[in-house]
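**Student:** One-letter residues, chain by chain:
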Amino acid sequence: MMARLYRGGFDALAWALYGFMLAPLVCVVLVSFNADAVQSFPPRALSLHWYWHALNEPSFVSGAVTSAVLALCATALATPAGVAAALALHRSRWRGKAALELLLLAPLVVPGLVIGIALLVTLAGMDVREAPLRLLIGHVLIVLPYVVRTTLASLARLDPALTEAAETLGANRLAAFLQVILPLIRPGVVAGMLFGFILSFDDVSVSLFLVDARTVTLPLAIMSYLQYNFDPSIAAISSMLIGLTILVVVVVERRLGMKQLFTG
Amino acid sequence: MAQVVLEDISCRYDTTVALDRIALTIPSGQFLTLLGPSGCGKSTTLRVIAGLLQPSGGRVLFEGRDVTSVGSAKRNIGMVFQSLALFPHMTAAENVAFGLKMRKVDVAEIGKRVRRMLDVVRLGHLADRYPAQLSGGQQQRVALARALVIEPSILILDEPFAALDRKLREAMQVELRQITQELRTTSLFVTHDQEEALTLSDLVAVMNNGRIEQIGSPGEIFRRPKTRFVADFMGITNFLDGKLVGASATACRIEAAGIAFEAAPVPGLSLGQGVSVAIRPAGIKVTSGQPPGGIAMPGCVRQSNYHGSICSYVVDLDSGPTLIVRESNDDLPEHASARFPVGARVWAGWRREAVHLFADQ
Numbered sequence: 001m002m003a004r005l006y007r008g009g010f011d012a013l014a015w016a017l018y019g020f021m022l023a024p025l026v027c028v029v030l031v032s033f034n035a036d037a038v039q040s041f042p043p044r045a046l047s048l049h050w051y052w053h054a055l056n057e058p059s060f061v062s063g064a065v066t067s068a069v070l071a072l073c074a075t076a077l078a079t080p081a082g083v084a085a086a087l088a089l090h091r092s093r094w095r096g097k098a099a100l101e102l103l104l105l106a107p108l109v110v111p112g113l114v115i116g117i118a119l120l121v122t123l124a125g126m127d128v129r130e131a132p133l134r135l136l137i138g139h140v141l142i143v144l145p146y147v148v149r150t151t152l153a154s155l156a157r158l159d160p161a162l163t164e165a166a167e168t169l170g171a172n173r174l175a176a177f178l179q180v181i182l183p184l185i186r187p188g189v190v191a192g193m194l195f196g197f198i199l200s201f202d203d204v205s206v207s208l209f210l211v212d213a214r215t216v217t218l219p220l221a222i223m224s225y226l227q228y229n230f231d232p233s234i235a236a237i238s239s240m241l242i243g244l245t246i247l248v249v250v251v252v253e254r255r256l257g258m259k260q261l262f263t264g
Numbered sequence: 001m002a003q004v005v006l007e008d009i010s011c012r013y014d015t016t017v018a019l020d021r022i023a024l025t026i027p028s029g030q031f032l033t034l035l036g037p038s039g040c041g042k043s044t045t046l047r048v049i050a051g052l053l054q055p056s057g058g059r060v061l062f063e064g065r066d067v068t069s070v071g072s073a074k075r076n077i078g079m080v081f082q083s084l085a086l087f088p089h090m091t092a093a094e095n096v097a098f099g100l101k102m103r104k105v106d107v108a109e110i111g112k113r114v115r116r117m118l119d120v121v122r123l124g125h126l127a128d129r130y131p132a133q134l135s136g137g138q139q140q141r142v143a144l145a146r147a148l149v150i151e152p153s154i155l156i157l158d159e160p161f162a163a164l165d166r167k168l169r170e171a172m173q174v175e176l177r178q179i180t181q182e183l184r185t186t187s188l189f190v191t192h193d194q195e196e197a198l199t200l201s202d203l204v205a206v207m208n209n210g211r212i213e214q215i216g217s218p219g220e221i222f223r224r225p226k227t228r229f230v231a232d233f234m235g236i237t238n239f240l241d242g243k244l245v246g247a248s249a250t251a252c253r254i255e256a257a258g259i260a261f262e263a264a265p266v267p268g269l270s271l272g273q274g275v276s277v278a279i280r281p282a283g284i285k286v287t288s289g290q291p292p293g294g295i296a297m298p299g300c301v302r303q304s305n306y307h308g309s310i311c312s313y314v315v316d317l318d319s320g321p322t323l324i325v326r327e328s329n330d331d332l333p334e335h336a337s338a339r340f341p342v343g344a345r346v347w348a349g350w351r352r353e354a355v356h357l358f359a360d361q
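Residue numbers (the working numbering), protein chains in the order written: chain A, 1 to 264; chain B, 1 to 361.
There's no promise every hint is true.
Sample of chain B residues lacking proximity to chain A, with all beta carbon distances greater than 10 angstroms (derived) [stated by the list, open to error]:
#, residue
1, G51
2, S72
3, C300
Below 25 angstroms or equal to it, Euclidean Cα-Cα: the simulated SDA-like pairs (lysine to any residue) are [to be verified]:
#, chain 1, residue 1, chain 2, residue 2
4, B, K101, A, L178
5, B, K101, A, L174
6, B, K74, B, A2
7, A, K97, B, L53
8, B, K101, A, D127
9, B, K104, A, L174
10, B, K101, A, G96
11, B, K74, A, N172
12, B, K74, A, L87
13, B, K101, A, R186
14, A, K97, B, R12
15, B, K74, A, R186
16, B, K101, A, D212
17, B, K104, A, L184
18, B, K101, A, P160
19, B, K243, B, E213
20, B, K74, A, D159
21, B, K104, A, R173
22, B, K74, A, T163
23, A, K97, B, K226
24, B, K104, A, L162
25, B, K101, A, L182
26, B, K101, A, D159
27, B, K104, A, L182
28, B, K101, A, I115
29, A, K97, B, E213
30, B, K226, B, G268
If you're looking for bench data, these hints aren't it; they were derived computationally from the structure.
Using N, Cα and C, we set each Cβ at its ideal position, and we do this for glycine too.
Required output: the full structure, derived from the provided sequences and hints.
**Tutor:** See below:
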């Protein structure tokens, strides 16, 4: 009896938490179909008008292109670097290892705002003034820790004798990595890339200091639009982002098995 | 199938010496086992031969060629790891093919050799299974096939059967012995299990503290242990402290545990020198009365244990020391589980051949 009560209570709490996390997203999606000119909830009439509006807003379109290219490039640069760093950390036995690991994961803990300001100051000092380059450097820093983290976790689960086995069979270091280690850690690497990509695409605080008038990322474009307009096109663009994220997650789940990525 | 020679191999980590000037020859086509307790250096020796560890001194020769500075990828060795280290994302056939692929053997040839080798280990029908879909014994055989298909100069096995249950392990031992004899592969096996070593090997090298204590055929090691350590490791558990009191060309006379008795002569011992007297548990006979002739001491049964085909007794001798005795249960009446109850007064006697003498260090 008591056990059932506990169980019921636990389930209720779990559902309440799901509701708490998802309700705002559901609201945004509903508002995006609003036909009115102001954001109101619940919507009184439905239309796709604001989607059309959002897709015709030049700052959203160029922002989306900038963010997508930026996130792709940052992920493409951070992934090999992150995997290499994780391999080195995994193999090394020296004393500074823990410190280096912490350093590589620091961008996860240090507030984005601080990273943004630090980069701004440093890059200005180095006379790097092009916004695209500054953004790329900043976003590599966003993606890197995720790739390192998930790759390290995958490596930790491997039998250390696998590389030696490949080597005794005649494989050089590179062949052993490409044919044995990489296929086995791929789920972890992909998970890190995915996290990194999404967080780069979504970032405000680091980018805030690195953009200029010509190069603006989508989240910042949305923010500046919001300063002067409060129409449902914001909800529409947000809903599209939610849809895109779900799509990516579903595709990855289908191809690799998301569960395996996170629980190992 | 090559002769493998270690010359003066030393290995040091910081201050500890893992290998202390090891010299070892594995004759071509022979099966040699390194036997010893954990930490004795047997795994280090194996890694040096495999090229996974660079020795601090000495040379490794394969068929007379110095390979000390050659990496393991270029040594042409077949290795079976303790964890097997099968590639989990490859099928049994792909695992076996890996070494040939790395050697750039042409595809048709790879297919042929992989199939032939899988047949040798009787896994032809499971070629397309992944390691996770195979039983422990089948995984062992994939690992063995993967190591053998490249026709290695030497097959190296690092306690591969340690994780198997007794029955499967014995079956795998028989199979391994048969396969290596069939292919005439020079083999190096590492284990801490003396029975396994004696079963499999042409030669056994007993290691202790980074040195080889004794090397010889299984029969030699078992019957004529040269040091107290080897005797102990071979299951001779009875040691009495004694003294050499007489010696002739055909016998020497020992005083131990309050009596004097004869043993086979041991060269290099001097009169009055302290010796360890080792007596094999199976070499001692327990009787209720004093046996006629031979060596015997009175005592009392402290413990009797039934092990199925054999019985063991712990006998406290009146003169002080304790002996462990093992005897066959062949003559035991059907319902009895021991010939002597705990507390029985008995005589423990042995033939002179059951005694080994070691000079005290």
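**Student:** Next, verify each hint and record whether it holds.
**Tutor:** Results of checking the hints against the structure:
1. Interface exclusion of B:G51 from chain A breaks down, the closest Cβ pair being 8 angstroms apart, not more than 10 angstroms.
2. Look at B:S72: its CB is around 5 angstroms from the nearest CB on chain A, not clear of 10 angstroms, so calling it non-interface is violated.
3. Here B:C300 stays apart from chain A, with its beta-carbon at least about 52 angstroms from theirs, past the 10 angstroms limit.
4. For the suggested pair B:K101 and A:L178, the alpha carbons sit about 14 angstroms apart, so the restraint of at most 25 angstroms is met.
5. With a C-alpha separation of about 14 angstroms, the suggested pair B:K101 and A:L174 falls inside the 25 angstroms cut-off, and the hint holds.
6. Taking the CA atoms of B:K74 and B:A2, the gap is near 15 angstroms; set against the 25 angstroms cutoff, the hint holds.
7. At most 25 angstroms may separate the alpha-carbon atoms for a hinted pair to count; A:K97 and B:L53 meet this at roughly 22 angstroms.
8. For the given pair, B:K101 sits about 51 angstroms from A:D127 by alpha-carbon distance, which is inconsistent with the 25 angstroms threshold.
9. Our distance criterion of 25 angstroms between C-alpha atoms is met by B:K104 and A:L174, whose separation comes to about 15 angstroms.
10. Note on B:K101 and A:G96: the hinted pairing is violated, with a Cα-Cα distance of about 38 angstroms set against a maximum of 25 angstroms.
11. Pair hint B:K74 plus A:N172 holds up; C-alpha atoms about 9 angstroms apart against a cutoff of 25 angstroms.
12. The straight-line distance between the Cα atoms of B:K74 and A:L87 is roughly 23 angstroms, inside the 25 angstroms bound, and the hint therefore holds.
13. In summary, the hint linking B:K101 to A:R186 is supported, as the alpha carbons are separated by about 22 angstroms, within the 25 angstroms threshold.
14. Our distance criterion of 25 angstroms between C-alpha atoms is met by A:K97 and B:R12, whose separation comes to about 24 angstroms.
15. For the suggested pair B:K74 and A:R186, the alpha carbons sit about 28 angstroms apart, so the restraint of at most 25 angstroms is broken.
16. For the proposed pair B:K101 and A:D212, the alpha carbon gap of about 53 angstroms is over 25 angstroms, so the pair is violated.
17. Restraint check: the Cα-Cα separation between B:K104 and A:L184 comes to about 23 angstroms, which is no more than 25 angstroms; the hinted pair holds.
18. Distance hint between B:K101 and A:P160 is fulfilled; the C-alpha atoms sit about 22 angstroms from each other, no more than 25 angstroms.
19. This hinted pair checks out: B:K243 and B:E213 have alpha carbons roughly 24 angstroms apart, not beyond 25 angstroms.
20. For the hint linking B:K74 to A:D159, the alpha-carbon distance of about 22 angstroms falls within 25 angstroms, and the restraint holds.
21. About 16 angstroms separates the Cα atoms of B:K104 and A:R173, which keeps this hinted pair within 25 angstroms; it holds.
22. With a CA separation close to 15 angstroms, the supplied pair B:K74 and A:T163 stays within the 25 angstroms bound.
23. For the hint linking A:K97 to B:K226, the alpha-carbon distance of about 47 angstroms lies beyond 25 angstroms, and the restraint is violated.
24. Proposed proximity of B:K104 and A:L162 is supported: the alpha carbons are some 20 angstroms apart, at most 25 angstroms.
25. Simply put, B:K101 and A:L182 have alpha-carbon atoms about 17 angstroms apart, close enough for the 25 angstroms limit, and the pair holds.
26. With a CA separation close to 22 angstroms, the supplied pair B:K101 and A:D159 stays within the 25 angstroms bound.
27. The straight-line distance between the Cα atoms of B:K104 and A:L182 is roughly 21 angstroms, inside the 25 angstroms bound, and the hint therefore holds.
28. Restraint check for B:K101 and A:I115: not satisfied, since their Cα atoms lie roughly 48 angstroms apart, outside the 25 angstroms limit.
29. For the proposed pair A:K97 and B:E213, the alpha carbon gap of about 40 angstroms is over 25 angstroms, so the pair is violated.
30. The hinted pair formed by B:K226 and B:G268 meets the criterion: a straight-line CA distance of about 13 angstroms does not exceed 25 angstroms.
Hints 1, 2, 8, 10, 15, 16, 23, 28 and 29 from the list above are not met by this structure, while the remaining hints are.
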